[in-house]
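Construct the complete structure from the given sequences, taking the supplied hints into account.
Keeping their order, the protein sequence lines are chains A and B.
For the first sequence, the working numbering assigns the number 1 to the initial residue and increments by one for each residue that follows.
For the second sequence, the working numbering assigns the number 1 to the initial residue and increments by one for each residue that follows.
Treat the hints loosely; a few may be bogus.
What the hints assert, rightly or not - Ranges between beta-carbon positions, derived for each pair:
(1) ALA238/A to ARG124/B: 55 to 63 Å
(2) THR18/A to GLU5/B: 31 to 39 Å
(3) THR248/B to GLY244/A: 55 to 63 Å
(4) ARG211/A to MET1/B: 51 to 59 Å
To be clear, the hints were calculated from the coordinates, so they are not data collected in a lab.
Keep in mind the model is a prediction, meaning the values are calculated, not measured.
By construction, the Cβ of each residue, glycine as well, lies at the ideal position given by its N, Cα and C atoms.
Residue-level listing of the chains:
Number of protein chains: 2
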Amino acid sequence: MEQIESIKEFGGHLNRYTHDSESCQCPMTFSVYLPPQAADGPVPALYWFSGLTCTDDNFRVKAGAQRYAAEEGIALVIPDTSPRGEGVPDEPDRYDLGQGAGFYVNATRSPWDRNYRMYDYVTRELPALVEAHLPLVPGVRSVSGHSMGGHGALIVALKNPGMFRSVSAFAPICNPVESGWGKTCFGTYLGDEKSAWEAYDATCLIDSGARAPEILIDQGTADEFLKAGQLQPQYLQAACERAGQPLTLRMQDGYDHSYHFIATFLGEHIARHAKALRQGG
Amino acid sequence: MEQIESIKEFGGHLNRYTHDSESCQCPMTFSVYLPPQAADGPVPALYWFSGLTCTDDNFRVKAGAQRYAAEEGIALVIPDTSPRGEGVPDEPDRYDLGQGAGFYVNATRSPWDRNYRMYDYVTRELPALVEAHLPLVPGVRSVSGHSMGGHGALIVALKNPGMFRSVSAFAPICNPVESGWGKTCFGTYLGDEKSAWEAYDATCLIDSGARAPEILIDQGTADEFLKAGQLQPQYLQAACERAGQPLTLRMQDGYDHSYHFIATFLGEHIARHAKALRQGG
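Spelled out as structure tokens, the structure:
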């Protein structure tokens, strides 16, 4: 793992790294914000999973997160959203498939199965890597994300009990097996077998008995992708009610799908994650 | 003036407008963040002037300013950095001349003199326009900016006593007649006469007797353009000492020229502007 950039911000450092990923079989880039407190010893970490088309750069530039992380003394770990590079399969004319659209699954269909193993990457390889090389408290993690990354945050928390102390999401794809985006990517990466899809779908996972710490979701009512049926928080809400999974779903009046929406409510999410990270530690 | 976008953020609205500019003889785009308090009546405004290559979008996406503006109940008025469009002269291979590099002057040399009148635009046309059409308290304004826009903020405050209640800058070009960027643009837009350049140079203006409210400047010590001699805060500082112009120049250890640096210290700037805007009102 090689550090390729370090920018001082709010007294800490926003660093960028590359490494040869075993999961993804290609070089991967990610960012970590280390708050000023990390100079005195290891700090807990909030993982952030971004949405379609994003790299590690969008969140660190647009969300205003570093201010809160510095105040709370927590690190931000920000992976890319897919494998990338010349040898990596892609659909260059599509924003919602291929590079930039890894959907946080382990692909099983050729040619995607060689590189598109983002689930292993974000749940195994990346945490082990950053906890071995950076001043992070091993195993003390929370997770959040946006849209496709909100889906990612929900499924990694549901599929790995105890791995994350808290979980939240902004406008997540709550039931990808029922959304256009999800059907496209799951069909391409996972094939036709519906049970393979359901293993990466938050709503299906809850119906199958998976549980997570109380889930916090913010969803804007003016979100064009909500209207288009891509996100479907009502299906997740119904599953949580059926299962007794704690969920706080906040429909935020007039907010859209953009980082301006995320920025507005991110401070509340980070405060909640920081509390869970402190209590658990 | 036509509203072309409105995004809800921190309870207020981030709006974008276009209008046919008389000063610049072309359509101009700008953004205004109206805080939630603007729903109940007019609010004061902080003008933000951006740096080379920027449009109105950079600051509104990268600085984290809207959170502070919502807390303080002030509007943000964010113009573009130059005239733009097909009929507007440009040097497409250069980032530091032509479109995106208006330098906040009124050009006098052909072919630039038709459109490149950003000084008139930001000091006359834009304030009159937004104060006529938006819930802003007329005449209650502060100004700040970054790099080329920091230069712009300093000169509009120095050249227009009473127009702005407070002024600050991030890594401003303090003495453009002595910087490579400034010499290129001033020579191109204003011709060879040095006195024409000095009328748009903060250090020269202070030496000539111009005064502003106490100036606050943050400058990162790891700023590559500081090292390259483009910014030269020490010349401005010397002029302020000679003249008795109040200046707080803070050299911020290890910070660079990026929006991560701006984001780190912007809250302090906005709190200071908000205090001046309230006291004066």
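*Kindly indicate which numbered hints from before are broken by the structure, ordering the numbers from low to high.*
When the structure is compared with the hints, none of them turns out to be violated.
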